[in-house]
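**Q** Listed in order, the protein sequences are those of chains A and B.
With the first letter of the first sequence counted as 1, position 9 gets the number 8 in numbering that gives the first Met the number 0; the numbers rise by one all the way through.
With the first letter of the second sequence counted as 1, position 56 gets the number 55 in numbering that gives the first Met the number 0; the numbers rise by one all the way through.
The hints are simulated quantities; they were obtained by calculation from the structure and are not laboratory data.
Here the structure is a predicted model, which means the values were calculated and not measured.
Note that beta-carbon positions come from the ideal geometry of N, C-alpha and C, so glycine has one too.
Please note that the accuracy of each hint is not assured.
Using C-beta positions, here's what the derived DEER-type ranges look like [what the hints assert, rightly or not]:
#: 1; chain 1: B; residue 1: D55; chain 2: A; residue 2: P384; range: 49 to 59 Å
#: 2; chain 1: A; residue 1: R321; chain 2: B; residue 2: E9; range: 35 to 45 Å
#: 3; chain 1: B; residue 1: D32; chain 2: A; residue 2: A206; range: 45 to 55 Å
#: 4; chain 1: A; residue 1: R321; chain 2: B; residue 2: L59; range: 15 to 25 Å
#: 5; chain 1: A; residue 1: P205; chain 2: B; residue 2: R43; range: 35 to 45 Å
#: 6; chain 1: B; residue 1: L22; chain 2: A; residue 2: S382; range: 43 to 53 Å
#: 7; chain 1: B; residue 1: D32; chain 2: A; residue 2: G302; range: 23 to 33 Å
#: 8; chain 1: B; residue 1: D55; chain 2: A; residue 2: V353; range: 33 to 43 Å
#: 9; chain 1: A; residue 1: R218; chain 2: B; residue 2: E17; range: 53 to 63 Å
#: 10; chain 1: A; residue 1: G100; chain 2: B; residue 2: E17; range: 36 to 46 Å
#: 11; chain 1: A; residue 1: R321; chain 2: B; residue 2: D12; range: 45 to 55 Å
#: 12; chain 1: A; residue 1: P384; chain 2: B; residue 2: R64; range: 45 to 55 Å
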Amino acid sequence: MTPAQALQRIEASTLNAVTEIVRGRTAGPGPLSGVPFGAKNLFDVAGLPTRAGSLINRERAPAVRDAPVVARLGAAGAVLVAALNMGEYAYDFTGENVHDGNCRNPHDPERMSGGSSSGSGAAVGGGLVPLALGSDTNGSIRVPASLCGVFGLKPTYGRLTRAGTFPFVNSLDHVGPLARDARLLTDAYNAMQGPDADDPACAQRPAEPVTEGAIEGLRIGIAGGFFEQYAGPEARDAVAVVAHALGSTRRVEIEAAGVARAAAYVITTVEGGSLHLERLRTRPQDFDPATRDRLIAGCMVPGAHYVQAQRFRRWYRERVLRLFEEVDVILAAATPQSAPLIGQATIELNGETVPARATLGVLTQPISFIGLPVAAVPVVRPSAPGAMPIGVQVIAAPWREDVALRVALALERMGVSISR
Amino acid sequence: MGRNDHGMNEPSDAMIDEMAAALRIALRPEWRDGVRANLVISLRLAGVVGEMALDDEADLAPVFRA
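The task is simple: from the sequences and hints, build the whole structure.
**A** See below:
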């Protein structure tokens with residue numbers, strides 16, 4: 000797809016995935032030469048205010064330069080064509096946005112795209128662009144990738160610079176790509192690596208480019224317990240398809256995953272509330288009411304609870320890292336089910352009625368909580384041809400994006416993972 | 000004020016109003032129920048985390064380096 004073709008498709012689209020069209024950028028040489036891409040509208044784009052899905056931020060001065068990861072994709076030859084819709088201030092798993100309108104699922108416009116990188120998932124899944132940038136604090140790349148049927152990569156915490164992006168939760172924020180295919184996902188990731196002094200969390204590691212490689216000999220486990228409890232029938236089937244293709248029958252238990260999800264929730268609401276406190280004082284009426292209520296509540300959580308969550312985080316990290324002495328990869332569903340209807344408040348999960356909004360991220364939160372790299376892969380389910388998409392998380396040890404991506408590339412070669 | 004399954008206090012109207020005042024947030028009465036619903040979830044989940052017995056020496060995940 001050329002940038003001109005992408006712009007034509009964007010103009011004709013009714014998905015509400017794009018908030019601003021970017022014109023006039025041209026392709027340079029490089030591994031991504033001529034690849035059109037979009038960026039979630041929390042990435043700085045020179046000439047645009049970085050709105051982060053909000054009404055308030057539209058009054059910001061236009062960014063004077065692109066965020067470093069946007070610039071690095073441009074330096075590799077890719078062409079930015081759009082800023083993309085997202086949940087307000089990234090506090091969202093649904094793709095709903097009262098300011099810019101709900102982002103629609105490309106496979107059924109009545110259904111959620113997932114969030115908060117809603118436009119990124121919908122634009123790639125809907126064929127508007129083959130590549131998009133998103134961010135992931137608790138699942139915001141992996142959830143829309145799953146619901147929109149595309150590949151997504153949440154790298155290790157600290158791998159890709161977040162400079163020039165509007166923050167949400169500094170302890171948990173990551174950025175990464177979503178793509179139509181695993182090769183492009185890998186190439187985009189490779190182009191964005193490298194240290195950056197402007198993001199204090201960005202590791203001082205040189206780029207470690209990932210190449211296609213064999214996966215024979217990898218020890219692959221299937222997450223049990225919590226991850227099965229919160230996986231509905233479609234999600235369990237998707238994990239089973241991937242595990243079968245990889246020849247894995249081994250179960251692994253991630254101890255205290257439910258506590259990790261709870262701790263991620265607490266850290267998120269407290270840091271998010273703190274970030275927005277001044278805006279909550281001066282302009283509370285300009286927030287989406289649902290975001291406002293969550294952020295105000297976050298400001299009211301006692302500090303002792305936040306500190307306990309951060310202390311637990313270290314404990315949990317040490318426990319999970321021990322698992323990687325036994326396996327190289329852990330498989331888990333990316334979402335409990337395929338896309339719910341837009342506006343749907345609850346979902347049925349294993350006989351229980353649970354809130355849709357929070358539950359969509361329940362399987363991703365315990366993983367990003369300790370910054371593990373994850374490739375979210377779309378799964379072709381032979382038992383359900385034509386069904387709404389759903390994805391699986393391919394989880395690796397810290398700094399081993401190469402392992403997760405090689406598995407994603409292999410699954411694509413096998414025809415098990417293909418974008419919809 | 001009531002207690003949830005984890006023994007956490009569920010905030011009353013007065014408590015929410017006082018916390019909002021301490022934060023200098025001009026909370027409208029019609030927002031109170033939404034804030035409380037979210038706070039109850041956060042406190043319940045904080046209770047889950049609080050039940051994990053950690054050593055006194057357990058450091059926070061982020062460690063400051065000068």
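**Q** So, for every hint listed, does it hold in this structure?
**A** Going down the list of hints, with the structure as the test:
{"no.": "1", "hint": "D55(B) x P384(A): 49 to 59 Å", "verdict": "holds (56 Å)"}
{"no.": "2", "hint": "R321(A) x E9(B): 35 to 45 Å", "verdict": "holds (37 Å)"}
{"no.": "3", "hint": "D32(B) x A206(A): 45 to 55 Å", "verdict": "holds (50 Å)"}
{"no.": "4", "hint": "R321(A) x L59(B): 15 to 25 Å", "verdict": "holds (20 Å)"}
{"no.": "5", "hint": "P205(A) x R43(B): 35 to 45 Å", "verdict": "holds (44 Å)"}
{"no.": "6", "hint": "L22(B) x S382(A): 43 to 53 Å", "verdict": "holds (52 Å)"}
{"no.": "7", "hint": "D32(B) x G302(A): 23 to 33 Å", "verdict": "holds (25 Å)"}
{"no.": "8", "hint": "D55(B) x V353(A): 33 to 43 Å", "verdict": "holds (36 Å)"}
{"no.": "9", "hint": "R218(A) x E17(B): 53 to 63 Å", "verdict": "holds (54 Å)"}
{"no.": "10", "hint": "G100(A) x E17(B): 36 to 46 Å", "verdict": "holds (37 Å)"}
{"no.": "11", "hint": "R321(A) x D12(B): 45 to 55 Å", "verdict": "holds (46 Å)"}
{"no.": "12", "hint": "P384(A) x R64(B): 45 to 55 Å", "verdict": "holds (53 Å)"}
Violation of the numbered hints given earlier is absent; every hint is satisfied by the structure.
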